[in-house]
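The primary structure of each chain is shown beneath.
Number of protein chains: 2
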Amino acid sequence: MTRNIDLDSHDSSDKNYSRNSQKILNKFNVSLGYEVKIVTKKAEFFGIILPRYETFSDKYIVLKLKSGYNIGIEIENIIEIISKNVDQLSKKPIAKSDPRDNATANDDNNSRNLFDKRNGSKLLPKILLISTGGTIASKIDYRTGGVTSLLSASELYSAFPELSDYGYIYPEFLFNEYSENMNPNHWSALADRISFAIRNEHYDGIIVSHGTDTMHYTSSALSFALQNVPIPVVLVGSQRSSDRPSSDAFSNLVGAIRFIKDTKHSGIFVCMHHNTSDEVIACHLGTRVRKNHTSKRDAFKSLDAMPFALIENSDITYNKLLHNGMERANISKNFTSKTAFSDKVFLLKFYPGFSSSFLENFLQMDYKVIILEGTGLGHVSKDCFPILEKLIEAGIFVFMTSQCIFGTVRMTVYDTGRDLLALGVIPLSNMSSETAVVKAMWALGNNTGAEDFVRIMKTDCSSEISNMLPLV
Amino acid sequence: MTRNIDLDSHDSSDKNYSRNSQKILNKFNVSLGYEVKIVTKKAEFFGIILPRYETFSDKYIVLKLKSGYNIGIEIENIIEIISKNVDQLSKKPIAKSDPRDNATANDDNNSRNLFDKRNGSKLLPKILLISTGGTIASKIDYRTGGVTSLLSASELYSAFPELSDYGYIYPEFLFNEYSENMNPNHWSALADRISFAIRNEHYDGIIVSHGTDTMHYTSSALSFALQNVPIPVVLVGSQRSSDRPSSDAFSNLVGAIRFIKDTKHSGIFVCMHHNTSDEVIACHLGTRVRKNHTSKRDAFKSLDAMPFALIENSDITYNKLLHNGMERANISKNFTSKTAFSDKVFLLKFYPGFSSSFLENFLQMDYKVIILEGTGLGHVSKDCFPILEKLIEAGIFVFMTSQCIFGTVRMTVYDTGRDLLALGVIPLSNMSSETAVVKAMWALGNNTGAEDFVRIMKTDCSSEISNMLPLV
Numbered sequence: 001m002t003r004n005i006d007l008d009s010h011d012s013s014d015k016n017y018s019r020n021s022q023k024i025l026n027k028f029n030v031s032l033g034y035e036v037k038i039v040t041k042k043a044e045f046f047g048i049i050l051p052r053y054e055t056f057s058d059k060y061i062v063l064k065l066k067s068g069y070n071i072g073i074e075i076e077n078i079i080e081i082i083s084k085n086v087d088q089l090s091k092k093p094i095a096k097s098d099p100r101d102n103a104t105a106n107d108d109n110n111s112r113n114l115f116d117k118r119n120g121s122k123l124l125p126k127i128l129l130i131s132t133g134g135t136i137a138s139k140i141d142y143r144t145g146g147v148t149s150l151l152s153a154s155e156l157y158s159a160f161p162e163l164s165d166y167g168y169i170y171p172e173f174l175f176n177e178y179s180e181n182m183n184p185n186h187w188s189a190l191a192d193r194i195s196f197a198i199r200n201e202h203y204d205g206i207i208v209s210h211g212t213d214t215m216h217y218t219s220s221a222l223s224f225a226l227q228n229v230p231i232p233v234v235l236v237g238s239q240r241s242s243d244r245p246s247s248d249a250f251s252n253l254v255g256a257i258r259f260i261k262d263t264k265h266s267g268i269f270v271c272m273h274h275n276t277s278d279e280v281i282a283c284h285l286g287t288r289v290r291k292n293h294t295s296k297r298d299a300f301k302s303l304d305a306m307p308f309a310l311i312e313n314s315d316i317t318y319n320k321l322l323h324n325g326m327e328r329a330n331i332s333k334n335f336t337s338k339t340a341f342s343d344k345v346f347l348l349k350f351y352p353g354f355s356s357s358f359l360e361n362f363l364q365m366d367y368k369v370i371i372l373e374g375t376g377l378g379h380v381s382k383d384c385f386p387i388l389e390k391l392i393e394a395g396i397f398v399f400m401t402s403q404c405i406f407g408t409v410r411m412t413v414y415d416t417g418r419d420l421l422a423l424g425v426i427p428l429s430n431m432s433s434e435t436a437v438v439k440a441m442w443a444l445g446n447n448t449g450a451e452d453f454v455r456i457m458k459t460d461c462s463s464e465i466s467n468m469l470p471l472v
Numbered sequence: 001m002t003r004n005i006d007l008d009s010h011d012s013s014d015k016n017y018s019r020n021s022q023k024i025l026n027k028f029n030v031s032l033g034y035e036v037k038i039v040t041k042k043a044e045f046f047g048i049i050l051p052r053y054e055t056f057s058d059k060y061i062v063l064k065l066k067s068g069y070n071i072g073i074e075i076e077n078i079i080e081i082i083s084k085n086v087d088q089l090s091k092k093p094i095a096k097s098d099p100r101d102n103a104t105a106n107d108d109n110n111s112r113n114l115f116d117k118r119n120g121s122k123l124l125p126k127i128l129l130i131s132t133g134g135t136i137a138s139k140i141d142y143r144t145g146g147v148t149s150l151l152s153a154s155e156l157y158s159a160f161p162e163l164s165d166y167g168y169i170y171p172e173f174l175f176n177e178y179s180e181n182m183n184p185n186h187w188s189a190l191a192d193r194i195s196f197a198i199r200n201e202h203y204d205g206i207i208v209s210h211g212t213d214t215m216h217y218t219s220s221a222l223s224f225a226l227q228n229v230p231i232p233v234v235l236v237g238s239q240r241s242s243d244r245p246s247s248d249a250f251s252n253l254v255g256a257i258r259f260i261k262d263t264k265h266s267g268i269f270v271c272m273h274h275n276t277s278d279e280v281i282a283c284h285l286g287t288r289v290r291k292n293h294t295s296k297r298d299a300f301k302s303l304d305a306m307p308f309a310l311i312e313n314s315d316i317t318y319n320k321l322l323h324n325g326m327e328r329a330n331i332s333k334n335f336t337s338k339t340a341f342s343d344k345v346f347l348l349k350f351y352p353g354f355s356s357s358f359l360e361n362f363l364q365m366d367y368k369v370i371i372l373e374g375t376g377l378g379h380v381s382k383d384c385f386p387i388l389e390k391l392i393e394a395g396i397f398v399f400m401t402s403q404c405i406f407g408t409v410r411m412t413v414y415d416t417g418r419d420l421l422a423l424g425v426i427p428l429s430n431m432s433s434e435t436a437v438v439k440a441m442w443a444l445g446n447n448t449g450a451e452d453f454v455r456i457m458k459t460d461c462s463s464e465i466s467n468m469l470p471l472v
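Protein chains in written order, with UniProt numbering: chain A, 1 to 472; chain B, 1 to 472.
Next up, chain A with everything else stripped away, as it sits in the complex:
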């Protein structure tokens, strides 16, 4: 079970421009990321040179215009390319400096919570933007074109200079990983970095740019690892790469910044499109969100509740039912970080025809926990009962969630559920199976004793159990 975090794939060559297009870039001494004026026979264009789409002809240079749209400019029409502002193209983060950075650091213990100090002021929030990879961090969809060179948070920021209107952003590159490759080691590294920032640096909020495939797993992981965070920590992804006219990256990012600027609440959140328009961004609780569509911009949905907040321009509407105990001031002193995760947890989805004898494999393996994703209210077929009993007797914890996704596991309603309860299978209420896997990894990873472990799994830590919430 060896896993690696690959930090070496950050390559800065312009390899996706080749032959003709590279020649003209060389001729005018410009490169990817340069802010330029391109003079053609018919018009002048101002913008930033982007990587070429893999599917684009080599006869074009792709320019990101101020409007956010990209155009391809035919090379043979180009008369001149003039580099406009070399300073802005340095490889260093290009955040505006925050006037508050000149103040004495640590002047009091609450200095990190600047929000409370600037009521009524016009100060922009100071935000750490941690890049982990994924579509949002690609100017072009980097997985189609090998564009691994422009993936850092700083470059994301340079692709959206408008972000500086909303906040002081301190971009930072943590790793560059497709989110399907994110594993508990990445969660630990990310949680440790955030924990350090919370304890030692003074941000009003933290944004994590993340691939969408497993963003809901990571948001769960951070929710358990970092409890009572004193500031909002917001994961943001994108279903369209940031250079595409249809990209949702910018609006999701701006939604996250607006939320950090205006909210009195802290916690781990996910900000993504609420519907197919760019107008409303939903802010979901980190443990109660799921990617429910492969490609739509509003793929992420809160489970069994409306989102924590809806952000529409400068208006933020809160779901009042979800706000218990999440006021920043109340909890900043109780911040805890337990960032270890065990990998001895298996997620098993039941289906008709599932062979109960398969379960016997677990007697020979090293798993400590099985999360059963059962049918309906939390069922598996009765032929599984004897082997489940054996597993439980052998000390393996077996928990039940539902493959329905929405709704609550209730194992007291039917015989099947009651039989499973009698065997020692433990229902997990309306925790999603994805969140349940992460919670079990976390609870095991932090060396909890058996009794404590079961108690922790059954008890709401981070809104992962929300039976009291109204259904929508």
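Derived by calculation from the structure, the hints in this document are not laboratory data. The model shown is predicted, which means the values in this text are computed figures rather than measured ones. Hints may be right or wrong, so weigh each one.
All copies of an identical chain are treated as equivalent in the list; a pair is satisfied when it fits inside any one copy or across any two copies.
Calculated cross-link-like contacts (lysine-lysine; reagent style DSBU-like; alpha-carbon spacing at most 35 Å) [said to hold, decoys possible]:
(1) K41 / K27
(2) K59 / K382
(3) K320 / K296
(4) K264 / K37
(5) K458 / K41
(6) K344 / K42
(7) K23 / K296
(8) K37 / K23
(9) K382 / K296
(10) K296 / K458
(11) K338 / K382
(12) K368 / K382
Given the coordinates of chain A, assemble chain B onto it according to the supplied hints.
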């Protein structure tokens, strides 16, 4: 991998009435299912004696009123119980006889398709109602009270005498199984029974009452096993037991009957509530439906499309985009039944932290197919690649679906997908993972050669692949 179909659990004792309540039933020589008049000190009640709710006090007799509502009548208030009509309480099906039954059978080859013969007539449809168990077939929620005695389709029909206003119903008991216990053997038995009815009996439609937990798996199984059915075959379930005032059983059943009566289309369908009211019943395609909520009445949702039809009182609104080639007359001659299913198929849901070494187990086991439920557009972590390659080299077929539920697997967009394609992993478009498991079991079970098998899996058979459908 032994599985049994248990046909012996059909017990007709009145064990859920005990002590006081049983005494009074004995005294007046009546029993469960009797249609009675109960005279109390204050009023008279007409209805059918239902099993006692497990949680009810023993001081009550539960009576199902004509209105569909149930009341508990306190024993100490009961003066007399008069059995009203013993004939209606026989153990035999109590369907009204259809005048058409007097016609010469098999007078021509199309006689089974009575629908086409009675355009403009007021004849009610002749429907086979096959009971397989589940909440819908319980007058009380039988899994809480051991009420296994009143589960047949005939008793369901007697609980809803109003059904006779909508059709000539021929109830039949096939088995009595919680749907989480349904397995491919049940699918075969059910498909065989329906196939026989289509070839030898003359129904306008068939309704299968089924537990909801795995109803979408069974509807997929029937869709593959029985292709080009000449009549509608409709699975109907209930999220509330049929004796509860809030039961959705009656409205779902009536919706199915109305659909059979009025539609020109044939196929395998699922009829369940469209929303939380009783007004609109959705008719879903059998391969494109999923139980998405543990308890809500509108738990079943069509995937990536609106339902095939919406039934609102006597109005049926069709989704015109789903009707290709499903007109009854066109396909009745092409009806095929291939009702075998293999159990050599494993459904594996990927999650972050999934240990790739787990996959090595499959080298020692007897599975021929793995359905990977990947993330997003169809991804698993890169550390799985080498072992997936080994499995594929060893002759195991590996297919990809998405845990997102909605949307389409597209493995050409990102590196990860393209790498998996190169290894030989086969994407299954927008087939749900539940349907994919069933299809693989069916395609394997009917002795398809390797090449044919992959072709069949990738080709739309029964609307399980619907990329052309508009998203909703």
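Handout entry: Hints violated by the structure (listed by number, smallest first)
Key = Of the numbered hints, 4, 5, 6, 7 do not hold.
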